[in-house]
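Student: Listed here are the chains, written in short residue letters.
Protein chains: 2
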Amino acid sequence: MNTPSVKEYLIDLQNRIVQGLEEVDGKTFRLDQWGRPEGGGGMSRVIEAGNVFERGGVNFSHVYGSGLPASATAARPELAGRSFEAMGVSLVLHPRNPYAPTIHMNVRFFEALKEGADPVWWFGGGMDLTPYYGYEADAIHFHQTCKDSLQPFGDDCYPRLKKWCDEYFYLKHRKEPRGVGGIFFDDWNQPDFDTCFSLTKSVGDHFLTAYQPILELRKDTSYSERERDFQAYRRGRYVEFNLVWDRGTLFGLQTGGRTESILMSLPPIVKWRYDWKPEAGSEEDKLYTDFLIGKDWV
Amino acid sequence: MNTPSVKEYLIDLQNRIVQGLEEVDGKTFRLDQWGRPEGGGGMSRVIEAGNVFERGGVNFSHVYGSGLPASATAARPELAGRSFEAMGVSLVLHPRNPYAPTIHMNVRFFEALKEGADPVWWFGGGMDLTPYYGYEADAIHFHQTCKDSLQPFGDDCYPRLKKWCDEYFYLKHRKEPRGVGGIFFDDWNQPDFDTCFSLTKSVGDHFLTAYQPILELRKDTSYSERERDFQAYRRGRYVEFNLVWDRGTLFGLQTGGRTESILMSLPPIVKWRYDWKPEAGSEEDKLYTDFLIGKDWV
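Listed in order, the protein sequences are those of chains P and C.
If you read the first sequence in our numbering, its first letter stands for residue 1, the second for the next number, and so on.
If you read the second sequence in our numbering, its first letter stands for residue 1, the second for the next number, and so on.
Excised from the complex, chain P in its bound form (with noise of 0.2 Å):
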């Protein structure tokens, strides 16, 4: 293992992946950095208000601690309750234009400690699309270029972790996916260090290559104030997702995990309204009859 490797790996993966963010936008990330009285911290890149994104960030964190949480690890939780080190690059972009869609990408690497035992290590990461108004050419773009970053590690990768990540990303009390997926690992050990940490990286660094030239394709559409309605009522599942069932966010808030980088994947503006429905045919209807439907893109 080398962990200093991972570490400056995120780091740098954070900087590219931002200074990719600003070029589009036009307007800078703030910094801020923080520390935390348990051990470690990290390095939040934050936008709200800009011309492109409404609000959005790009985080690292490396965190230690003892008493790792249940939710950091699905596989094995024989695990909880060892002290732990965890770091990660997790980046959330809300859009303004509707026509835009949100995107979510994770990279993160962990080691479970206890003495007198072999350290216990493993990778996670993915990325997925949550769209408004769908587009096909956008779904398989992304997908593409998901199944390219796995391409090198065998044929089975992009099907294994592009089901993984449906049924992850997937809002059980509504019997509804958040978008149109993607990919996702967890618990990620196999074959060896080398090989799990070098699938982490090709993640990470497809994710510019995934989201930019679907963002430079939408972000100027027009739209009216019912797109933007529509927009704020779909983003009441994403923090559905999150708030609800999402483990990072259970793993971050549980750890004492500093609270306002965490919830930075929440929009800016949300609606909530009772058993509303989209008109049958409409475009926003067929957000839920062609895209929310855990197709095979690729």
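Mixed in with the good hints, there may be bad ones.
Said to hold, decoys possible - Taking lysine-lysine and the BS3-like style, the derived pairs with C-alpha atoms no more than 25 Å apart in a straight line are:
#1 C:Lys7 to P:Lys271
#2 P:Lys277 to C:Lys7
#3 C:Lys271 to P:Lys277
#4 C:Lys172 to C:Lys271
#5 C:Lys219 to P:Lys271
#6 P:Lys219 to P:Lys271
#7 P:Lys27 to C:Lys277
#8 C:Lys271 to P:Lys219
#9 P:Lys27 to C:Lys271
#10 P:Lys271 to C:Lys201
#11 C:Lys271 to P:Lys271
#12 C:Lys271 to C:Lys7
#13 P:Lys172 to P:Lys201
To be verified - Pulled from the structure, derived: some chain C residues nowhere near chain P, Cβ distances all over 10 Å:
#14 Arg16
#15 Lys114
#16 Ala117
#17 Ile140
#18 Ala232
#19 Glu260
The hints are simulated quantities; they were obtained by calculation from the structure and are not laboratory data.
Since the structure is predicted, the reported quantities are computational estimates derived from the model, not experimental observations.
Just so you know, even glycine gets a beta-carbon here, dropped at the ideal spot from N, CA and C.
Given chain P's structure and the hints, the job is docking chain C onto it.
Tutor: Then chain C, alone, in the frame of chain P:
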């Protein structure tokens, strides 16, 4: 035990409360009846875009099933997995006027059943007030009414349930109380069924007395975009509490409850912004310094 009489009480309470609130608002609450494939169902009374209430609901539900989730009882985790019966009235109301506080009230009855064992039952409930702009008179009136409702059950009852409320309606990840508190009780089965039922009834019966005068006093206060904006920001805390910490919400979502009825508690328009704090000494700041402090109001 007399389960039918609990149900009868709850349905009557829902009717009385809706009637009282309709008198204030002038608009009728919509009625939705729903069934649950696993057993039971409910009646949701919902208001949106009312004259006073921007969004709110007064829900009755009566559900049963196998596999009591852990969220149902903090005190007796050994009951998880039993078959169960649960019924209650639960309400949240979000007035449009930022000077009028959001209110929550709930009364509930649980039975956990196991073949060959005596049924285990308990009551739970409470009410708590969440102002955006605080008024000492409102907090005192609200707590005094809570105290009145518990007076027949002993001098130590109100202080105990007031403290329980402060502890329960607390956002750990913000280190912040949800509002000015009220009363809360759970796993309540001493000294006997009749006394517990009486206490629960007394809490339910005091709801309109506790909330209506505050609402009448504040609902027509003039306000500007500034107060609406602060209200939308603070409503974010309500969402965070309900989706991350509230056992009632988790119980509903985990038992396949009706999502639209459960999430009636979420406000109509909500804003999140990064690391925002009110200006020191402002009216908005006073909420934090003078009201969100777990104070003894009576």
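Student: Hints first: check each against the structure and report whether it holds.
Tutor: Against the structure, the hints come out as follows:
1. Of the pairs offered as hints, the one joining C:Lys7 and P:Lys271 is violated, with about 33 Å between alpha carbons and a cut-off of 25 Å exceeded.
2. Annotation: proposed proximity of P:Lys277 to C:Lys7 is violated, straight-line Cα distance about 32 Å (limit 25 Å).
3. The hinted pair formed by C:Lys271 and P:Lys277 meets the criterion: a straight-line CA distance of about 22 Å does not exceed 25 Å.
4. As the CA atoms of C:Lys172 and C:Lys271 are separated by approximately 20 Å, the hinted pair is consistent with the 25 Å bound.
5. Distance check on the hinted pair: C:Lys219 and P:Lys271 sit about 22 Å apart at the alpha-carbon level, within 25 Å; holds.
6. Note on P:Lys219 and P:Lys271: the hinted pairing holds, with a Cα-Cα distance of about 22 Å set against a maximum of 25 Å.
7. Of the pairs offered as hints, the one joining P:Lys27 and C:Lys277 holds, with about 23 Å between alpha carbons and a cut-off of 25 Å not exceeded.
8. Taken as a hint, the C:Lys271 and P:Lys219 pair is honoured in the structure, with Cα atoms around 22 Å apart against an allowance of 25 Å.
9. For the given pair, P:Lys27 sits about 21 Å from C:Lys271 by alpha-carbon distance, which is consistent with the 25 Å threshold.
10. Pair hint P:Lys271 plus C:Lys201 does not hold up; C-alpha atoms about 34 Å apart against a cutoff of 25 Å.
11. The suggested pairing of C:Lys271 with P:Lys271 holds, with an alpha-carbon distance near 9 Å, which does not exceed 25 Å.
12. This hinted pair does not check out: C:Lys271 and C:Lys7 have alpha carbons roughly 38 Å apart, beyond 25 Å.
13. Restraint check: the Cα-Cα separation between P:Lys172 and P:Lys201 comes to about 30 Å, which exceeds 25 Å; the hinted pair is violated.
14. Interface exclusion of C:Arg16 from chain P stands, the closest Cβ pair being 22 Å apart, more than 10 Å.
15. Every beta carbon of chain P lies more than 10 Å from that of C:Lys114, the smallest distance being close to 26 Å; the non-interface claim holds.
16. With a closest Cβ-Cβ approach of about 28 Å to chain P, C:Ala117 is found to remain outside the 10 Å limit, as its non-interface label requires.
17. Once the 10 Å rule is applied to beta carbons, C:Ile140 is consistent with being away from chain P; the minimum gap is 31 Å.
18. With a least CB separation of 8 Å from chain P, C:Ala232 falls inside the 10 Å interface cut-off, contrary to its annotation.
19. Interface exclusion of C:Glu260 from chain P breaks down, the closest Cβ pair being 5 Å apart, not more than 10 Å.
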